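J.: In case you want the letters, here they are:
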Amino acid sequence: MDLHTVEQVRRPARAEEIASWEAGFAWLAGGTWLFSEPQVDVHTLIDLESLQWPSLHATADGLEIASTCKVVELDRLTHKAPSDWKAAPLFRECCRSFLSSFKIWNEATVGGNIVMSLPAGPMISLTAALEGICTLWPRDGQPRQIAVVDFVTGEHQNVLAPGELLRSIHLPVHALRKKFAFRRFTLTHLGRSEVLLIGTRCPEHGEFLLTITAGTLRPIQLTFAAVPAATELKRAIDDAVPFSLYLDDPHGSPAHRQHLTYYFAEQIRAELGN
Amino acid sequence: MNYRINGKSFAAEPRPGQCLRTFIRDLGWFGVKKGCDAGDCGACTVWLDGKPVHSCLFPAFRADGREVTTLQGLAVDGKLHPMQQAFLNAQAFQCGFCTAGMIMTAASLSEDAKKNLPFHLKGNLCRCTGYHAIEDAIHGIASVEEDRAGHACGTSLANPRGEPIVTGNAHYTMDVAIEGMLHLKVLRSPHAHARITAIRRDKALAVPGVRAVFTWEDVPRRLFTTAAHDDYHVDPDDTYMLDNVARFVGQRIAAVVADTEAAAEEGCRLLEVDYELLRAVFDAEEAMLPGAPQLHVGKDVDSRIQDPVRNIFLKIEAETGDVARGFSEAHAVYEGTFWMPRIQHAHMETHGTIAWRTPDSRVHVRTSTQTPHIIKNKLAYLFGMFPHQFHVFSEFVGGGFGGKQEMLTEDLCVLATMKTGRPVKWEFTRSEQFTAATTRHPMKITVKLGARKDGTLTAMQMHTVSDTGAYGNHAGEIIASSLGSSLATYRCASKKGTGYAVYTNTVPSGAFRGYGATQPAFAVECAIDELARKLGIDPFAMRRTNMIRAQDPVHSIWPFPNDGVIGSYGLDQCLDFVEQALASGRGETKPEGDEWREGRGVAIHAQDCAPPTEHRSEAHMSLLPDGTYHLSVGSAEFGNGIRNAQRQVAASVLSARAGSIAMDFVDTDKNPYDTGTFASTGTSVATLGVQKAADALRENLLEVASQVSSVPVAQCSLAAGRVRCGDRWLSLQQLYEASPLREKLHVSRKVYGSPRSTAFLAHGFRIAVHRVTGEIRILQSVQGFDAGTILNPMQSRGQLEGAIAQGIGVTLFERMKFDASGTVVNPTFRHYRIPAFADIPRSELFFADTYDRYGPLGAKPLGEAPIIPVSPAMGNAIADATGIRFHSLPFSADRIFSQLAELQ
Chain A
1 MDLHTVEQVR RPARAEEIAS WEAGFAWLAG GTWLFSEPQV DVHTLIDLES
51 LQWPSLHATA DGLEIASTCK VVELDRLTHK APSDWKAAPL FRECCRSFLS
101 SFKIWNEATV GGNIVMSLPA GPMISLTAAL EGICTLWPRD GQPRQIAVVD
151 FVTGEHQNVL APGELLRSIH LPVHALRKKF AFRRFTLTHL GRSEVLLIGT
201 RCPEHGEFLL TITAGTLRPI QLTFAAVPAA TELKRAIDDA VPFSLYLDDP
251 HGSPAHRQHL TYYFAEQIRA ELGN
Chain B
1 MNYRINGKSF AAEPRPGQCL RTFIRDLGWF GVKKGCDAGD CGACTVWLDG
51 KPVHSCLFPA FRADGREVTT LQGLAVDGKL HPMQQAFLNA QAFQCGFCTA
101 GMIMTAASLS EDAKKNLPFH LKGNLCRCTG YHAIEDAIHG IASVEEDRAG
151 HACGTSLANP RGEPIVTGNA HYTMDVAIEG MLHLKVLRSP HAHARITAIR
201 RDKALAVPGV RAVFTWEDVP RRLFTTAAHD DYHVDPDDTY MLDNVARFVG
251 QRIAAVVADT EAAAEEGCRL LEVDYELLRA VFDAEEAMLP GAPQLHVGKD
301 VDSRIQDPVR NIFLKIEAET GDVARGFSEA HAVYEGTFWM PRIQHAHMET
351 HGTIAWRTPD SRVHVRTSTQ TPHIIKNKLA YLFGMFPHQF HVFSEFVGGG
401 FGGKQEMLTE DLCVLATMKT GRPVKWEFTR SEQFTAATTR HPMKITVKLG
451 ARKDGTLTAM QMHTVSDTGA YGNHAGEIIA SSLGSSLATY RCASKKGTGY
501 AVYTNTVPSG AFRGYGATQP AFAVECAIDE LARKLGIDPF AMRRTNMIRA
551 QDPVHSIWPF PNDGVIGSYG LDQCLDFVEQ ALASGRGETK PEGDEWREGR
601 GVAIHAQDCA PPTEHRSEAH MSLLPDGTYH LSVGSAEFGN GIRNAQRQVA
651 ASVLSARAGS IAMDFVDTDK NPYDTGTFAS TGTSVATLGV QKAADALREN
701 LLEVASQVSS VPVAQCSLAA GRVRCGDRWL SLQQLYEASP LREKLHVSRK
751 VYGSPRSTAF LAHGFRIAVH RVTGEIRILQ SVQGFDAGTI LNPMQSRGQL
801 EGAIAQGIGV TLFERMKFDA SGTVVNPTFR HYRIPAFADI PRSELFFADT
851 YDRYGPLGAK PLGEAPIIPV SPAMGNAIAD ATGIRFHSLP FSADRIFSQL
901 AELQ
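Residue numbers (the numbering used here), protein chains in the order written: chain A, 1 to 274; chain B, 1 to 904.
Each statement offered as a hint is correct.
No farther apart than 27 Å at their CA atoms in a straight line, the calculated lysine-lysine pairs in the DSS-like style are these:
1. 114/B / 51/B
2. 750/B / 692/B
3. 744/B / 692/B
4. 70/A / 115/B
5. 315/B / 448/B
6. 590/B / 114/B
7. 299/B / 315/B
8. 692/B / 670/B
9. 70/A / 114/B
10. 115/B / 80/A
11. 80/A / 51/B
12. 51/B / 70/A
13. 8/B / 79/B
14. 179/A / 80/A
15. 80/A / 114/B
16. 86/A / 70/A
17. 179/A / 234/A
18. 70/A / 179/A
These are computed hints drawn from the structure, not numbers from a lab.
Remember, predicted model here, so these are calculated numbers, not experimental data.
Chain B with its partners taken away, still in its complex shape (with noise of 0.2 Å):
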């Protein structure tokens, strides 16, 4: 057969049940993205003889004799296609892995289909921009700002990625070929509780191309977590590579690798395995009932759990103040449960791994994670070696938001090289990111306020139930997140908080944007609404008098003291930014008919801008012979924007140009030690160590200036990228050459996370609700929020709308569904609907004008925290709009209509 791909012709036979995706990438076109395999994502779009198509439904044997165009090949001569250039000016893409497909389709378009966008995209699915930028790129406007030297900070500069992405020459985890690599897959449990009897592998080993098959006996008998915390012992060490007990459905039974995928999937199928089935439990109240069945009896201290005979990781409990009496001075208590249900990130790329052997002894681990040094730690713990000989390294990362803080492909890749010596692959499907990856913690929160008549708060007090699933992965830490920042947003003499972090037969529950704070979020700030309400008191007015106040302290539940600060304090500018704006009346008006109720909610969140365990980082800085810069610090780059933000502020700090400053892709044999990119910390902690490595460098090189020129250090500075000694000046290739000690042009600053300072924000909405389909249609949506200093605008626009747009998706209609057995019965992006561009509407964005004392240049982190506000202002709203208050997510009109109906 013949095909014609990117104007090249390639003779060659693709296999008879082959798409067009894998066999487009096999010929060494990695540009082709694998979003979800199954045509729901448009990641794979392609053009045949100039027409869109996904090329993953497509039979490969279809595309003979025909033109195939990927995003590689719509460059012409070098010179990007319109449209890639429209994606550069907008930054219309965080992470790009969604890009191949969005440019692709979007490049097709007409100019009347481009008028009809929510149509034309619904094709194409995003999580990480909220699509904001994507619009602004196909209509033709620009955001990117010039990059001038001393002019680094505040300036919309593009992400120095950005080319690779629109172009398709992005590597991403799978993007590269190996040769001689094997395929790993694994056989997941059907059962949610069963103890493995009987695994008989010879069938198994007997399909042709199956090199291995690895089981529980087969793996170092080593308990650890899957969570990648810098300090492990937050993590209960309840999980083995390969168990011979399934706790969940869809918990890793065997691995088999194979040289192909086929023959692993294969391998898979013949094995055959014995269960002896053990009763199970899915609901987190009723796991720590007596009679219950036990999910790590026999695990405990060791294993830090704290009772195991009741499925319970962790109980919290603690008080400030006085609460019962608190409760007995109040003139208004209200009391409410909520409910959040289980949900999923959806980063477009799905987990995965390559894993290598060289001659060295080392083990190469290419991946895709958020904690490449904790991956690292991690292997050598589990295989009982050393941690230099693993080197973990990602080039782009396709989205995270908390899913790869979590090392669930690496090992057995590694396992599985160590033992056949060849390269091991591993990706998950679409579906594995459901049955067998981590969601977020669903939780029953039931909250209890009190308040004076004026609506002062007397007591405030939280019962946390958090369901970990089998698996105990930052259970710990997101308990205890959740009796913190919603309680330490208000002033409030007298706080308690109790939280249980439950074991049940379910997919494991781990880190998730907001981690721990949105959920109580909801529960809190709806509670507050519904306070407001009995004492007939404004949502703005009640927030006004009780929220947390520039010399406050910031304090929940805890009597001890902690190092949470407020370094800059916007809080107050957020919240009457949100109602000036849902009063001013922009945004839709609501649709015609009085089946059409109209509310306004706000809800308003202090999030703290690194978290309470150890967190350090370390930045790495040389000038170089050529006068360029170069900076090294181990902050993982997956969509959020931080390695621009960081090369901004080193920018800024030298007087240079951003572009300038090169920077490795995160390589823990390139880049210096970091615990990771998650909780906030790549702006708090790693930053603030490339600004003080920077302030070092400044320091060193007007030192090595003065000696140079003889003139006083005093009258020497570093501007326009060049160094002003008195009234000479040098350019930096001159200084480097001219400078007598060459270590004095590199520098190294490690920085701990502590103080921490804490980001505010409100978040408000104005919507309609149509009282018989139960139909909400969002009028305005509005944000403000304080992040001191704003490095990049552009960037942080682009961290809210993403964020929000996901924070519509989980209180508008995300959920994971379970059946009887435990099974999810909606693993695919068909069936879990994750939002698409007809969903969401604009945000007024709007950032407060503070800076903050201990942040990198003033500024504060932004990517994690403007999701937490979202659902509980739709729930306030919701409630504003039909005197009805909803207490469980998500706020589906197949789950609200019957209660509208009693409505007139």
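Bound-form chain A, shown alone (with noise of 0.2 Å):
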């Protein structure tokens, strides 16, 4: 929709252009959900297109994603990943986790969906389970470095300071050649995520890995030397998610998400113990 407050949109070459910042500046990166709501705060659009970052970078520590990669950049990737990549296969799972059609991702970066912090962001729940790095870039000082699990806070909630930028995500490659369990459950057909979860194990330590994300209001990562038996599962999910800390919208009950967080862990572990 028309964002009618904005009055400039400023596209600099380096984000150190931006040299100050203030209230009503908005980086505008795919513009998917920026332009989809009434934004009456916002009079300056900052564009990261112009920044012309890289999308994505194999490297033999992992895979570098730069922000304002396009979704449908990481949906292609999943072909072209090195065979040794064994959870590549969920960049395809979680680009085709949004609710949104083929042609959003068109347009939507990795980075906004991130950064937008709503549970059931995908890219959250895709770059959380592969244990990914944020490397942000504060206005003032020098670039900090957060796991994603750690960069969303709640819902629409992040570690964000105001004008600070996700510059990319970094995916250690120990991470990658993990293998996974995916899990997910719409109240639609191909809808919004009411629970999406995630299990990696580690093909050589043993590593169990899950993590918890959309029926939650922030990611919740359990990790496990090893993977753990029925009861110690359940138990180490009800210490970690408490409640009061699974979302309540219209895609879904606290209750069900909780029900439906215990149901599919329990079939995640059975999978990955074999």
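Starting from two chains that each stand alone, build the complex the way the hints lay out.
T.: Written as structure tokens, this is what we have:
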């Protein structure tokens, strides 16, 4: 929709050109959320596209995803990933976990989805499960790093200071080489995630990671040295996810989300335990 | 900046925050539509360098130097793109509003992508079709049949509006540019119940471009109802154009008119309103209790409100036979309470109006409506003017489903244009559709049924509490309807009903497809199954024992005579079809695993073909000098296909090609009076008028032919678009020229909606329920419908498919949610999901073989009723699968899973 209060668009070639930050500024990535709701407090859009950051950079250490990488580019990476990236099919699973259509992924960005910090953000699910590390560029000061799972602090809340940029997300190669199991539930077909759970298991050390997203206000990650027993897993979920942390919105009730979390967590445990 | 749109270059500068959708439209390409303006519905899809994007989300400045293609640029040198042609061949549209985005998406898909349409079409919502015809189009399946003289009735003729729809040249309400047009926006109440003590408008008026601000002090202090009924007495006069009391979150507080939407919105934000907060009530039963906040106190008999102290607009109570005795004779009695939530029509074109004045003191109102003539009369009443001073019209209307049987935008546009002298436009946002339009009435219904051992019903009793929201538009007719057809579906000597239409501080309810019949049908049809279960009787057998039969009177709770009749009877055929189809093994098989439980369910309904209150229409028909015909009738076309059906009826009577009959857009200056297209009247009343006019014209033509040829009239006939006089043939053009009295070539006929015949239907589902997650999968969906003669099979299927899809949505997941302050929390398509392609299975459809002796050419209406039995058929299937009866809609997984836990 038209953002009627916007008075100017700035298109910097380098982020440093935005020397000072003021209320009413907004970074513009794909625009697919920004233009989907009234933004009456925004008067200046700062275009990130003009920075022309390379979208994806695979190295021996893993994968560097620019925050401006389009979702469609990540989706396409699924089939181009190195063969030992056993978790690569998760790119596609998670890209296909958007409520929005493929037309939106043509513009929507990975970073935009993470910075939105909505519980159902599938790029949060993906990068949190694959132990992603965010690189943040504060408006003043040195770049800092934080795990994706700690980046999102609540529904539509994260650690970014005003004007601070999510520059990129690094997925470490050891995570990309893991076995994984994926479970998702939606109240309508191909709809918005009510819960999205991803389990991974390290082929070398057997470490088991369960990442709970969409059903909770923020991503929750449970780490086990080995695949736990069913009762241990259930107890760990109860300890880490109090009932108040389950989301209540039109896409699901807290009780159903808790119920599905238990159910799918157990399925993931069984699948990766074999 | 330089833009290329549909091969043409434009040097233009978008506003900084402008999206591509409005930028393209500002340049005159109106084929790009706004369904949601938020990226959820896909109606605005365009190609950017060949890639489909939602133009409402795309910053216009980013399209600089790129190639934009819209639906209007898809045809090359006048030759339709294959996908446009495919949509025409399959008639893959009804209202046509989503079509622009649907075609732009479909035309971008590879052959491989077409194999997964649930995925690739998830970003394109259609509320009309149920997606079947769209799937056909994409797979190249054609449904359209040839238009041959004398064969119009019963043929799948293409809608003549199809070509403008698939080329993007159809002009919906907002698709015009008018010089000097102002934009109207309203400030809406943030409080559910409050009195306005002051409004300061200085800051708003100081916004550059703001031309005027209107508050309750600026409007005629005249109570009216937004409901559009010819007989306005059936609704309460409880509403002011602008009021000093807000009765729901979202009510109009003030209107700001400005040169741009941006300025109008800024003006709204800068209005300073002081409110005195009042207590609010959100539950209809609580609203009737002593001490509850009173919404309309001070209004009473003049407003036609029965009991304003208890917030009761209308209480209805009646009994036939002796219900107490009936229950005493019963071997089994079932009583249950059922609840239906508030839901929204979600027509793809939002409400909107453009109004302007001409020097002859007339006001022209271009608007998105189902009831142009009623709007005209209402405006005359509100503004103290003569009806002839108003000209109300539409070109294309993007869906209605009852939502546009309401005056929601016309009045303020007229006010503003009268005060400013400038054309004024007001277009609802998608969110306003949820917070400030109308909804289906939520109802709480208690049903009590008694039967003997053999299943024979001895008594039926119903208690309905209907939540009309803050205003009583449609509340009376709806509460009456709720005690009507669902009970009339069954033969039983003793029936009793009590109904309350109650005010609450919630967005008003209004007309909705199935008008007051869907809610009680859910309750009654579920109760019939429960009673059958108590007696150990099969649900089909239980219905056969008790359902209304061909010779029966049509009666519910009222002991006095009524004009309901059975003009043809096909309920038995419909029920047989559903039973056989569900037993056939067709459809999907149950998913693997013992978590999945399978069940089947059925529900039936007998629906009156017109409303009980006044309904009338008129048709004018003429032979033109070139030998073609002109037909004029006041029905509104908003995706119902009614005008195509009317053309077919006239063509059939006149043995002509449907294509030889021209019709106007709906327009109060051009069409004769019609009480509105709702409650199935398009077919049963207006089309009957068309048949009568065509009959009269036919008689006149034969009389003229006899005079001209000196052949006895008995030997004259119309055939193959010509006139046969004995062994001589005349063309219609020759007949026109030879006619001694041209007046004979113009006829008009009036019709009145009585008697009211009855349409019948049955719906069946076979489903699987996952006992852990609560997921429901539809394995098979079947509907049998008795609509008498099927005038256009393709269109008829489309109406059923669309209504079933809407029914599936409201059964499985649609629900408006409110927070504690009475604010809608899901006022967008992102959070109020309507069915997408992936949600809707293909239904098997069957039409009963009957001929209605009252309907036009034996036809009965079928646009409204197909939604009615969907919810109870699903409820019964779930009960069959799980043994658990769910009493409240929707049956979404998160609302049913906890009860399923008892299943092992």
